[in-house]
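2 protein chains.
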Amino acid sequence: MRIVLDAMGSDTHPEPEIAAAMLAAAQWGDPILLVGPQDVLESRLRAAGAAEEQVRVIHAPEVLEMTDKPADAARGKARSSMAVGMELIKSGDADAFVTAGNTGGAMANALFRIGRIRGVKRPALTGIFPVRNGQAVLLDIGANADVRPEFLVQFALFGSLYAETVFGWPSPRVALLSNGEEAGKGNQLVKEAYPLLQAAGLNFIGNIEPKEFFAGKADVAVSDGFTGNVLLKTSEAVASFLINMIREQIKASPLTAVGGLLAKPAFKRVGALLDPSEYGAAPLLGIDGLVFVGHGRSDAHALVSAIRVARQAVAGGLLPAMRREIHKRLASGAPGDSE
Amino acid sequence: MRIVLDAMGSDTHPEPEIAAAMLAAAQWGDPILLVGPQDVLESRLRAAGAAEEQVRVIHAPEVLEMTDKPADAARGKARSSMAVGMELIKSGDADAFVTAGNTGGAMANALFRIGRIRGVKRPALTGIFPVRNGQAVLLDIGANADVRPEFLVQFALFGSLYAETVFGWPSPRVALLSNGEEAGKGNQLVKEAYPLLQAAGLNFIGNIEPKEFFAGKADVAVSDGFTGNVLLKTSEAVASFLINMIREQIKASPLTAVGGLLAKPAFKRVGALLDPSEYGAAPLLGIDGLVFVGHGRSDAHALVSAIRVARQAVAGGLLPAMRREIHKRLASGAPGDSE
Numbered sequence: 036m037r038i039v040l041d042a043m044g045s046d047t048h049p050e051p052e053i054a055a056a057m058l059a060a061a062q063w064g065d066p067i068l069l070v071g072p073q074d075v076l077e078s079r080l081r082a083a084g085a086a087e088e089q090v091r092v093i094h095a096p097e098v099l100e101m102t103d104k105p106a107d108a109a110r111g112k113a114r115s116s117m118a119v120g121m122e123l124i125k126s127g128d129a130d131a132f133v134t135a136g137n138t139g140g141a142m143a144n145a146l147f148r149i150g151r152i153r154g155v156k157r158p159a160l161t162g163i164f165p166v167r168n169g170q171a172v173l174l175d176i177g178a179n180a181d182v183r184p185e186f187l188v189q190f191a192l193f194g195s196l197y198a199e200t201v202f203g204w205p206s207p208r209v210a211l212l213s214n215g216e217e218a219g220k221g222n223q224l225v226k227e228a229y230p231l232l233q234a235a236g237l238n239f240i241g242n243i244e245p246k247e248f249f250a251g252k253a254d255v256a257v258s259d260g261f262t263g264n265v266l267l268k269t270s271e272a273v274a275s276f277l278i279n280m281i282r283e284q285i286k287a288s289p290l291t292a293v294g295g296l297l298a299k300p301a302f303k304r305v306g307a308l309l310d311p312s313e314y315g316a317a318p319l320l321g322i323d324g325l326v327f328v329g330h331g332r333s334d335a336h337a338l339v340s341a342i343r344v345a346r347q348a349v350a351g352g353l354l355p356a357m358r359r360e361i362h363k364r365l366a367s368g369a370p371g372d373s374e
Numbered sequence: 036m037r038i039v040l041d042a043m044g045s046d047t048h049p050e051p052e053i054a055a056a057m058l059a060a061a062q063w064g065d066p067i068l069l070v071g072p073q074d075v076l077e078s079r080l081r082a083a084g085a086a087e088e089q090v091r092v093i094h095a096p097e098v099l100e101m102t103d104k105p106a107d108a109a110r111g112k113a114r115s116s117m118a119v120g121m122e123l124i125k126s127g128d129a130d131a132f133v134t135a136g137n138t139g140g141a142m143a144n145a146l147f148r149i150g151r152i153r154g155v156k157r158p159a160l161t162g163i164f165p166v167r168n169g170q171a172v173l174l175d176i177g178a179n180a181d182v183r184p185e186f187l188v189q190f191a192l193f194g195s196l197y198a199e200t201v202f203g204w205p206s207p208r209v210a211l212l213s214n215g216e217e218a219g220k221g222n223q224l225v226k227e228a229y230p231l232l233q234a235a236g237l238n239f240i241g242n243i244e245p246k247e248f249f250a251g252k253a254d255v256a257v258s259d260g261f262t263g264n265v266l267l268k269t270s271e272a273v274a275s276f277l278i279n280m281i282r283e284q285i286k287a288s289p290l291t292a293v294g295g296l297l298a299k300p301a302f303k304r305v306g307a308l309l310d311p312s313e314y315g316a317a318p319l320l321g322i323d324g325l326v327f328v329g330h331g332r333s334d335a336h337a338l339v340s341a342i343r344v345a346r347q348a349v350a351g352g353l354l355p356a357m358r359r360e361i362h363k364r365l366a367s368g369a370p371g372d373s374e
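These protein sequence lines map, in sequence, to chains U and F.
Its first residue numbered 36, the first sequence is counted upward by one per residue in the working numbering.
Its first residue numbered 36, the second sequence is counted upward by one per residue in the working numbering.
For the record, the hints were derived by calculation from the structure and aren't laboratory data.
Treat the hints with care, as some may be off.
The list treats identical chains as one, so a pair stands whether inside a single copy or across any two.
As a list, the in silico SDA-like pairs of lysine to any residue whose alpha-carbon atoms are at most 25 Å apart [claimed, not checked]:
(1) K299 / D334
(2) K226 / T102
(3) K246 / E100
(4) K125 / Q347
(5) K363 / G241
(6) K299 / S288
(7) K252 / A292
(8) K303 / A250
(9) K226 / G139
(10) K363 / R332
(11) K226 / W204
(12) K286 / A234
(13) K252 / G331
(14) K246 / E271
(15) K363 / N279
(16) K220 / D107
(17) K252 / E271
(18) K286 / D74
(19) K246 / E217
(20) K252 / R81
(21) K220 / H330
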């Protein structure tokens, strides 16, 4: 299996990427294709003691800057590590691309270099959330601030195929994120998407509120990218707000501080259960190639998790399944799937 | 000051309401007008030892059922405790109405019995959130799933006046909830509302993401009611998810369980800081009268907090300030304020 790793993605690149490439190659026995400036990467790999058959460097001299506009950079910087990595996917020379770089840049490069699966209206950034007793998929979490009802039907299909092929869940329960559970609740978009989802041939279980989503009542939830992004960022903000508050209150008296020390292993287990690095990376679904975007703060461990998820997607046949299902729906003229 | 309390609002009514009415009357020296079925309330008040001058019962024999459609019930059940309570506000016989009943029912009754302030496009359900180092106001949190940009300008005005008159914050910082902080980020609605807010004569500080909202970077944030509701419910869901997870992990081993016991006072302080009952109740802003909706799970303590907030709004002159400012903007033809 040929996994491409963007050497220049994470906030502290390329150290975490170099370590992750070596770890992943050792763990699965397949060489990693590491994309970035050749001289820098090769000298660091030598210094780290990497064997040549473990990590193959692909030269990409250009660097994406934070100030670059994603769409401009995708077109203009053909030799950035993202662009070069995506081209390897497009040409079929590799199976999946993993980056901890900017999400907007990854989406722009993926659209420009690889393009959409034929029949896909909009690709979706897809989040994997820790929920009660497991994980759940939410999409879109930020690629499309404004969507049409038929986009949500496609997102539901993407998420359902992802849950099936990558997680191995049969017939995933698909829900529509709303401000009330009853059919008929929601904004105009949700109300219009509801009957389309009912007719989409998926295991559609209706509307879902955030409470039920985090209770694990659905495997896949669909939303416009604006609301999905607010949900994602609210969950991160509230978790960190609450944890900081608990930390401060525990430190506030000697007795509770001792209690906090004794309870530390419990907090560590909670931290591990919520750790985004355990959930790998967010796939860009709808792109005609497998692209995974990890957190900018990813360390080597998180990047190895991202590579694991990418490998599962390749092994599970996610991309051919997506192509096949979208083609089938286009051919049958299923609701919301006309071109 | 004349505060009306809905005796039939909370999940376990009327006990919490009876206790709250007595407590509030004792605390502030003003009698509470308690609305509900006279015979039931009077016998319970006698049993509880309430003095006649403390709590005055206003008869309202009809009961709103969970299965009632809010709009139908508002029109049809003129003798429900909500309808009778609202009429007291409309007629000027009382200053503010407090209920722990259904939010949709309260909004429908408020619109039908009291109506909007002249010039108000849509009233907004307004949430008071615990944030870093204090509180912040978010509206709309559920009354209007679909809004127009000019509604958001009015919500910003409502929230700003609320923060000024009730909390006493001068020149509140007003922000637009978005999926990115930079101007130009957001969905179509946010992009269109942004310049209107810049021109609205408020202390508009731009877009805000959930992270900055919970960090206390704004005093007031505005949003459509769908997204605001998702933010509210996500924050509740994540807090309870996280707290349950910590509880389970602490119980998982004897050592951490001992630590948890010692740290208990810290958790209690966190619980108090986050306790919705400390934040009183959600005002329906834009209604031509003061109406506050508390949580259905309110106990007597929470209802007393709600009454405190209602009293602050009366004392701060929230309603006359709202009428005055909306009238001024209508007269001057400020952006987004044409009728």
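Checklist entry - Which of the listed hints are broken here? => result 7, 10, 11, 12, 15, 18 and 20
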